[in-house]
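Take these sequences, add in the hints, and give me the full structure.
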Amino acid sequence: MTTARETIKEAYIGAGRVDAYNDDMVRYITDEQFGYVAAVDGIMVRERPATCFYLGAFFAESLILAETGNSIGAIQIAGTAMPTQLPFFVAACDYTLIGEELFAASAYLSGEPKQLGSLKGQDVGKFMAMVAILIGVFGATVSEAWGGSFFFWLTDTVRAIFTIQN
Amino acid sequence: MKRNIPVAITFIVGTVLILSVFFPPVERMGEDFSIFFDIIAVFAFFLGGGNLLRIHSDKIYRKQKDWGFSVVTVVGFCFMLAAGLFKLWNPGGIAADVAAPGSLFQLMYNWIFNPLGATMYALLAFYVASASYRAFRAKNIDATILLVASFIILLGRTPLGMYATGWIPESFSILQIPNMAIWIMVSPNLAGQRAIMIGIALGVVSMSLRLILGVERTYLGVDNE
Chain Z
1 MTTARETIKE
11 AYIGAGRVDA
21 YNDDMVRYIT
31 DEQFGYVAAV
41 DGIMVRERPA
51 TCFYLGAFFA
61 ESLILAETGN
71 SIGAIQIAGT
81 AMPTQLPFFV
91 AACDYTLIGE
101 ELFAASAYLS
111 GEPKQLGSLK
121 GQDVGKFMAM
131 VAILIGVFGA
141 TVSEAWGGSF
151 FFWLTDTVRA
161 IFTIQN
Chain W
1 MKRNIPVAIT
11 FIVGTVLILS
21 VFFPPVERMG
31 EDFSIFFDII
41 AVFAFFLGGG
51 NLLRIHSDKI
61 YRKQKDWGFS
71 VVTVVGFCFM
81 LAAGLFKLWN
91 PGGIAADVAA
101 PGSLFQLMYN
111 WIFNPLGATM
121 YALLAFYVAS
131 ASYRAFRAKN
141 IDATILLVAS
151 FIILLGRTPL
161 GMYATGWIPE
171 SFSILQIPNM
181 AIWIMVSPNL
191 AGQRAIMIGI
201 ALGVVSMSLR
211 LILGVERTYL
221 GVDNE
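Quick note, the sequences are listed as chains Z and W, same order. Reminder that position 140 of the first sequence reads as 140 in our numbering, one-by-one numbering, no gaps. Reminder that position 157 of the second sequence reads as 157 in our numbering, one-by-one numbering, no gaps.
What the hints contain is simulated information worked out from the structure, not anything from laboratory work. As the structure is a computational prediction, the values presented were derived from the model and not from experiment. Virtual Cβ for every residue (Gly too), placed ideally from N, Cα, C. The reader is advised that the hints may include incorrect statements.
Distance ranges between label pairs, derived from CB positions [to be verified]:
| hint | chain 1 | residue 1 | chain 2 | residue 2 | range |
| --- | --- | --- | --- | --- | --- |
| 1 | Z | Glu32 | W | Asp142 | 29 to 39 angstroms |
| 2 | Z | Asp23 | W | Ala82 | 51 to 61 angstroms |
| 3 | Z | Glu32 | W | Ala82 | 40 to 50 angstroms |
| 4 | W | Val75 | Z | Ile164 | 42 to 52 angstroms |
| 5 | W | Thr158 | Z | Thr2 | 44 to 54 angstroms |
| 6 | Z | Asp23 | W | Gly76 | 22 to 32 angstroms |
| 7 | W | Gly76 | Z | Gly111 | 43 to 53 angstroms |
| 8 | W | Val75 | Z | Gln33 | 20 to 30 angstroms |
Pairs of lysine-lysine residues, derived as PhoX-like cross-links and limited to a Cα-Cα distance of at most 25 angstroms, are as follows [as the list claims (entries may be wrong)]:
| hint | chain 1 | residue 1 | chain 2 | residue 2 |
| --- | --- | --- | --- | --- |
| 9 | W | Lys2 | Z | Lys114 |
| 10 | Z | Lys9 | W | Lys2 |
| 11 | Z | Lys114 | Z | Lys126 |
| 12 | W | Lys59 | Z | Lys9 |
Residues from chain Z that keep clear of chain W, each with C-beta distances beyond 12 angstroms, as calculated [what the hints assert, rightly or not]:
| hint | residue |
| --- | --- |
| 13 | Thr51 |
| 14 | Leu65 |
| 15 | Ile77 |
| 16 | Ala92 |
| 17 | Tyr95 |
| 18 | Gly121 |
| 19 | Gly147 |
| 20 | Phe150 |
| 21 | Phe152 |
This is the structure we're talking about:
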């Protein structure tokens, strides 16, 4: 909580509105999933914020929060790396950061060359994944249609690279 | 100093946790760091509980707007804490398990806390209906595709789908609604999900490297030095 307070305080200082900050803005609610939802929904309905941000890991609470925000007419911006919760945010929010966009947002907004370079690195990674998928699809198709140990080996190798083994 | 120490801690912990996956000698250190995290989390609960009491007590004392809700929060918190800490009505006494059958803590958990959580969860059914209504309106070609796909999935997951299209010959079985629903789930849906997951994995790697190398310092509240 101290870290969160520092982060928010620095952000207010950065925006030149340090007078608008007070420590009680950042407070503990609960670590219970639906207790948290009940509290945040209550705060939203009572205080009627103009904008709601939902960024991070979400589970069943995503749609309850987003629909409550929608019912009070707030502009909603969501971002999560949980694929199962993305449809709920897309349906209920005005803007949604889908998967990798959540991680890229801060680098993109900072405009720093070093951080933007990491986004380029992500794109290179995606290109490599695309090439591997194409090689894997080609190898699997050829090996199924005409056989050939080389194509079986090729498919297995590509699959092994992208398989997590416990 | 205020900036450099957190960056150094992030670098050391991040590097050790990565190395612990690949090098068995460092594996133990990765586990130790996880235990350290749990220990710190325990203290965070104390701080959190204290913060909760302070904020709501202050609100009650000043009779701020909606202070009645704060009374409910403080009373509920203190009552549950006392029931667990002093093991009130616990058949086995103070030495027994905190959640022993018949204890006040367990009764409150089962008969108050669980139903309240279930009530919040039940709201989801209504919210799914309202969100679906908005999302599935055929406003444009994308929304129409979404509407048709969802309609097929809904029918495919109920006996109605089989009753309606069960007469289609086996050679055209893909046109049976349950089979179409399965195809949508395992082909276009899974392909889309995998694309998102590949992007997420690369995003996590990129973000982790930025944090470990100290390139990204927004978690300290600053964009750059």
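Do the hints match the structure? See the list:
no.: 1; hint: Z:Glu32 - W:Asp142: 29 to 39 angstroms; result: 37 angstroms, holds
no.: 2; hint: Z:Asp23 - W:Ala82: 51 to 61 angstroms; result: 28 angstroms, violated
no.: 3; hint: Z:Glu32 - W:Ala82: 40 to 50 angstroms; result: 18 angstroms, violated
no.: 4; hint: W:Val75 - Z:Ile164: 42 to 52 angstroms; result: 48 angstroms, holds
no.: 5; hint: W:Thr158 - Z:Thr2: 44 to 54 angstroms; result: 52 angstroms, holds
no.: 6; hint: Z:Asp23 - W:Gly76: 22 to 32 angstroms; result: 24 angstroms, holds
no.: 7; hint: W:Gly76 - Z:Gly111: 43 to 53 angstroms; result: 47 angstroms, holds
no.: 8; hint: W:Val75 - Z:Gln33: 20 to 30 angstroms; result: 22 angstroms, holds
no.: 9; hint: W:Lys2 - Z:Lys114; result: 22 angstroms, holds
no.: 10; hint: Z:Lys9 - W:Lys2; result: 14 angstroms, holds
no.: 11; hint: Z:Lys114 - Z:Lys126; result: 19 angstroms, holds
no.: 12; hint: W:Lys59 - Z:Lys9; result: 22 angstroms, holds
no.: 13; hint: Thr51; result: 19 angstroms, holds
no.: 14; hint: Leu65; result: 9 angstroms, violated
no.: 15; hint: Ile77; result: 16 angstroms, holds
no.: 16; hint: Ala92; result: 5 angstroms, violated
no.: 17; hint: Tyr95; result: 15 angstroms, holds
no.: 18; hint: Gly121; result: 6 angstroms, violated
no.: 19; hint: Gly147; result: 25 angstroms, holds
no.: 20; hint: Phe150; result: 26 angstroms, holds
no.: 21; hint: Phe152; result: 22 angstroms, holds
Checked against the numbered hints given earlier, the structure breaks hints 2, 3, 14, 16, 18 and satisfies all the rest.
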